[in-house]
Amino acid sequence: MCGIAGIFNYRDSIPVDHFQLKRMADSMIHRGPDDEGFFIGGPIGLAHRRLSIIDLAGGHQPMSNEDDSIWVVFNGEIYNYLALREFLVSKGHVFKTRSDTEVIVHAYEEFGVEFVEKLRGMFAFALWDAPRKRLILVRDRLGIKPVYYLANSEQIAFASEIKGILQLQGEKSDVELSSLGAYFNIRYVPGPRTMFQHIMKLPPGHMMIVENGVVTIRKYWEVVFEGDDYRSEKELKGELEDLWGNVVSCHLMSEVPYGVFLSGGIDSSLLVAMMSKVVRTPLSTFSIGYESGDKEHELEFARSVANHWQSDHHELVVTAEEFCNLIPQLVWHLEEPLSDATCIPVLLLSRYAKKHVTVIHSGEGADEIFAGYGRYKTMQWIDQMREIPAWPLFVRILKSAGMRCGASKLVRYLNLSELPLDKRYYGVASVFTNGLRDGLLRDWLRNDLNTERYLDETMAGYYRAVQSVHPLNRMLYIDLKTWLPDNLLLKADKMTMAASIEQRVPYLDHELVEFAATLPPHLKIKSRETKYLLKQIVRPNLPDEILSRPKQGFGVPLNRWFRHELKRFSCDTLLDPTNRISRFINLDVAKNILHLHQEKHMDLGEEIWSLVLLEFWLRTYVR
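Letter 481 of the sequence shown, counting from 1, is numbered 472 in the numbering used here, and no numbers are missing.
Quick caveat, the hints were computed from the structure, so don't treat them as lab data. Fair warning: this is a prediction, and the values are worked out from it, not measured in the lab. Ideal placement from N, C-alpha and C gives every residue a C-beta, glycine not left out. Be aware that a few hints might be false.
As the list claims (entries may be wrong) - With a straight-line cut-off of 25 Å between C-alpha atoms, the simulated DSS-like cross-links for lysine-lysine are:
1. 225 with 163
2. 346 with 228
3. 345 with 225
4. 368 with 346
5. 228 with 400
6. 582 with 225
7. 368 with 390
8. 228 with 517
Claimed, not checked - Quick list of the computed label-pair ranges, beta carbon to beta carbon:
9. 188 with 323: 14 to 22 Å
10. 347 with 230: 48 to 56 Å
11. 430 with 163: 28 to 36 Å
12. 563 with 247: 30 to 38 Å
13. 366 with 104: 19 to 27 Å
14. 188 with 387: 39 to 47 Å
15. 535 with 202: 34 to 42 Å
16. 558 with 202: 50 to 58 Å
17. 246 with 430: 53 to 61 Å
18. 223 with 409: 17 to 25 Å
19. 590 with 459: 46 to 54 Å
20. 32 with 563: 32 to 40 Å
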C-alpha cells in the first residue's frame, strides 16, 4: 500500500516544480514510510511513497517499461499479477522486477486502455504515456483505494489524499456547501464531490484520460443484478464456497506478516475460519473493547472465535480519554468529516496491530453484497405494509401516539414509510431528523437550494440506473455506490494508512461481488434472516453463538460517554460562541440537543458526535 501524487501541466512549456511535487508526497509519508520516488518529464510529474509488501528490494516507484516511454505510480495490490506476468512474458515483454506494479505498464502496452479490465485487485494508479502525452488515472472497481483530483484550465493535480492537493493551495480550503448539506443528511459526502471546494473524487470503476488538454472520465466496470436465478440453493452454496476459498487464497499474497481485524461478527469470523484453513498456522487476530463499559461482553465473541481457531489473539481496551485525545489526529488523517465514531477504534487498533503485522484483513463489504443490514428488512416490511389499504390510517394513529410518548425513532420511521423507496432509503441513514436538522441549520444555509440538490440528484441518478430490478437489489446498488466507497472504505483506507498498515477486504473481490449480484433476493434475505446464503457456509465453521449474535462491529459507547466522561468536552466544543461551527448552526439548538441527551430524554450521541467532528474539521482544514 502506498501514496501517489502528480501534476500534469497542459502546456509543454510549463515544467513541473520538483519542490511542489515533493511537498505533495511528504504530506502522505504515513502511507509509505519505506521509500520515496519521483519522475519529472517536462509538464508531467509523478511522486510515490512506498509501503513495501511485494518485491521488497525491487519495487521502487515510479516504474517504467523497457524504453522509459511508459511510467506508472501505483497504490494497491494486483492479486492476479503472476498470471498476467506469465502471459505478458510469452508475448515478449521484458520484466526488470518481481513487483505487481510492473505488470501495469506492460499490460497497457499490450492491451491499450482496456488493460484495466484484466486487473483483479484494489488499486489507484496514474500512468503516463510519453509518446501520446496522455495521462491515465484509474480507481478500482469498488473504490477500495482512493484518488482525488483538482482540475482547471491549466493543469490537473491528483493524490491519494486530499492533503497532497492542498499543498498546492496553502493547506486549507473553502467549504463545498452542497457537500455540507449531504453531511447533515447522511453523515458523509457521496462522490464525486468532497467537502473541499473544487477537489473531486474519481468514482470507483472509472478511469480518467487527460490528452490534448481534454479531461475525459469513463466507466470501465459496473455491477449487474440479474433476474431470477434457476440454480438451486445447493448449487449456489457450492459455487459460493469454491469462490470464497479462491478469493481468500489470492488475498494472502504477501512477503510481510499479516493478520485479521476480528470483531466477533459473522463476516470477520468467517474470514478467520477460511484463512486458518488455508495457511494452517495460527493467525494474528486483533479486537477492541471499551473501558467503563461491558468490555468483557464486547470482547467475548471475538475471543470465542479466536479460541475456536487457536489464533494468536490480541485485545485492546480504549478509554473515553484516549478517544477524546485522538480526535485532532483523526480529523487530520480522515480529511473529510465522516460521522462514524468507529474511525477512532480502527485507528487505535491499526496502530496496535502495526507492532505485529504489516497487512491486515477485514470483513468490510459482506453486508453490502449479501444483504446484512437490518434496514433492508425494514424497507421490505414497509413496502409490504404500504400494500394494506388501511395503512395510512394506521400510520396517523401510531404517529400521534408516538409523539405523545416521545418515541422519536418510531415517528421518524413512520414519516419515512410515507415516502417512495428512493427517498425513504437514504433517509434511514440520516443522523438528524428533518425537523431537528431544519432547526439546527442557520437560515441562510437551510434556504440555499444547493445544499439539498446535490444529494437528491446523486441518489436519484443511481436509482434510475436500477429502477427495473428487485427493491432489495436497488438498495444494495445504492450502498455499493455511496455508503461503501464514501463511508466504510474511506474509513478503512485512511485509518489503516495512518498507521502505515495495508488493509485488504476479500469480500470486495470483484468476482465475488459479481457472483453475489446474481443471487436471487430470497437467498440474501430468507424468512427475515439476513445474509442467508453466506451464513450457510459459515455454520460448519463457527460456534453457534456467533451465528445468532446481533450485528456489532467495533461500536463505540457514544451515548454513555457524552452523558458522563465526555459531557463537559462536548459542551465546551459546541457551545463556545467563538467556535467555527456557529457559522453554520444555531447554538441554541445545539444546546438543546446536549440537554435532551444529558437528561436522558433522547439518545442523541450520534448527533452530538456529528457536530463535534464537524467543528474539529472546520478548525483543521477551512480558511
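Status of each hint after checking the structure:
no.	hint	verdict
1	225 with 163	violated, 56 Å
2	346 with 228	violated, 38 Å
3	345 with 225	violated, 41 Å
4	368 with 346	violated, 40 Å
5	228 with 400	violated, 37 Å
6	582 with 225	violated, 56 Å
7	368 with 390	holds, 21 Å
8	228 with 517	holds, 14 Å
9	188 with 323: 14 to 22 Å	holds, 19 Å
10	347 with 230: 48 to 56 Å	violated, 35 Å
11	430 with 163: 28 to 36 Å	holds, 30 Å
12	563 with 247: 30 to 38 Å	violated, 43 Å
13	366 with 104: 19 to 27 Å	violated, 38 Å
14	188 with 387: 39 to 47 Å	holds, 44 Å
15	535 with 202: 34 to 42 Å	violated, 58 Å
16	558 with 202: 50 to 58 Å	holds, 57 Å
17	246 with 430: 53 to 61 Å	holds, 56 Å
18	223 with 409: 17 to 25 Å	violated, 39 Å
19	590 with 459: 46 to 54 Å	holds, 49 Å
20	32 with 563: 32 to 40 Å	violated, 52 Å
Comparing the model with each numbered hint stated earlier shows that hints 1, 2, 3, 4, 5, 6, 10, 12, 13, 15, 18 and 20 do not hold.
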